[in-house]
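Q: The sequence shown begins at 1 in my numbering and counts up by one.
Just so you know, not all the hints are guaranteed correct.
[Stated by the list, open to error] Within a straight-line C-alpha distance of at most 20 Å, the following computed PhoX-like cross-link-like pairs (lysine-lysine) qualify:
1. K245 to K256
2. K271 to K256
3. K256 to K110
4. K289 to K271
5. K110 to K168
6. K110 to K139
7. K289 to K245
8. K110 to K94
9. K289 to K248
10. K138 to K217
To be clear, the hints were calculated from the coordinates, so they are not data collected in a lab. Treat the numbers as computed from the prediction; the structure is a model and nothing was measured.
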Amino acid sequence: MDFRKVQVTGGNSFVVSLPKSWVKEVGLRPKDAVAVITQPDDSLLIVPRRDLRQVSKPEAAIDVVSGMDRDGVLRHYISHYLTGYDVVRVNLGKADAAFRGAIRDGIRRKLVGVEIIEESPTALLTQCLSGYADLPLKKAVERMGIIASGMVSDSVAALRSDESGFAKEVIDRDDEVDRFYHFILRQLNIAIRDRSVIQEMGLGSARDCLGYRLVAKSVERVGDHAVQIASQAEALNSLPESSLKRIKDLAELSRKVFEGSVTALLRLDPKFAEEAIGKAGEVSRIEEKLSGEMLAARMNGAQVGSVRLVLESIRRIAEYGADISETALDLMVREP
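Let the hints inform the model, and build the full structure from the sequences given.
A: Structure below.
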């Protein structure tokens with residue numbers, strides 16, 4: 001830690017000199033501007049502000065080596081996307097057209113704002129064109145929550161033989177939730193690396209980044225559990241209508257817990273948060289009772305397994321909602 005004395009110049013201007021080693025490291029020159037940002041704890045953050053038009057976009061390259069499959073290439077690409085690279089070149093080597101097409105489609109399906117700007121038989125050049133200015137972080141969380149909530153509703157609707165088409169729609173929309181999840185993580189990683197953009201993203205401090213990362217993961221998991229419910233629809237369609245209704249009613253209560261939790265986060269409303277946490281406990285109690293009663297009934301092995309998976313997913317959706325509410329309560333507390 002380096003302590004420096006505050007000096008007064010011109011009678012009313014307070015001046016602190018910058019460490020010479022830091023100035024050299026970041027490449028500052030006379031008359032360059034720096035951003036001085038007041039933090040919530042009353043400290044100051046000093047960030048070099050260069051002309052962004054003159055700064056090249058972060059670039060990276062991924063080389064497809066022998067034995068690397070499509071999923072492996074996509075995992076490597078997503079890692080670079082999350083880290084904050086704007087331009088990524090995928091060197092495909094001897095990969096065939098089908099392999100190249102699968103990578104191209106996977107990138108578009110899984111990530112927000114990525115465009116293929118050049119394509120050849122041996123390489124793909126991509127660029128991320130969307131940032132927090134185009135899609136604010138909280139708006140992305142809100143949109144992600146709306147999609148996940150709709151998935152839960154449709155997964156429950158799929159528990160009827162005449163609505164089986166809902167199951168496929170739910171599974172297809174999981175990619176949309178993943179797209180927003182990856183986008184949010186990318187923005188949070190950028191904010192952690194460059195704290196000057198935290199307030200521009202609508203966050204109060206670096207502490208908020210951790211909270212929103214936990215929230216994004218919880219919403220992503222809600223989408224996964226909606227898919228789990230939808231995937232068991234066919235096995236449960238033969239259950240008595242009375243049993244299906246009890247499952248649907250519990251699922252709707254769980255969805256409302258999740259929806260209320262997202263509202264609590266976006267509004268930073270303690271009333272919504274506490275209500276959601278209380279209802280999550282109610283879902284857990286009902287799920288335990290319902291699970292015992294249904295598993296005691298006469299069901300074949302496939303039905304038993306499906307009922308367990310569906311009821312567990314319903315409970316987990318409510319629990320993830322409670323987690324979001326607890327994070328919202330944490331974010332409402334000012335830092336000391």
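Q: Each hint should be assessed against the structure and marked as holding or not.
A: Tested hints:
| no. | hint | result |
| --- | --- | --- |
| 1 | K245 to K256 | holds, 17 Å |
| 2 | K271 to K256 | holds, 14 Å |
| 3 | K256 to K110 | violated, 27 Å |
| 4 | K289 to K271 | violated, 28 Å |
| 5 | K110 to K168 | holds, 17 Å |
| 6 | K110 to K139 | holds, 18 Å |
| 7 | K289 to K245 | holds, 15 Å |
| 8 | K110 to K94 | violated, 24 Å |
| 9 | K289 to K248 | holds, 15 Å |
| 10 | K138 to K217 | holds, 14 Å |
Checked against the numbered hints listed earlier, the structure breaks hints 3, 4, 8; every other hint is satisfied.
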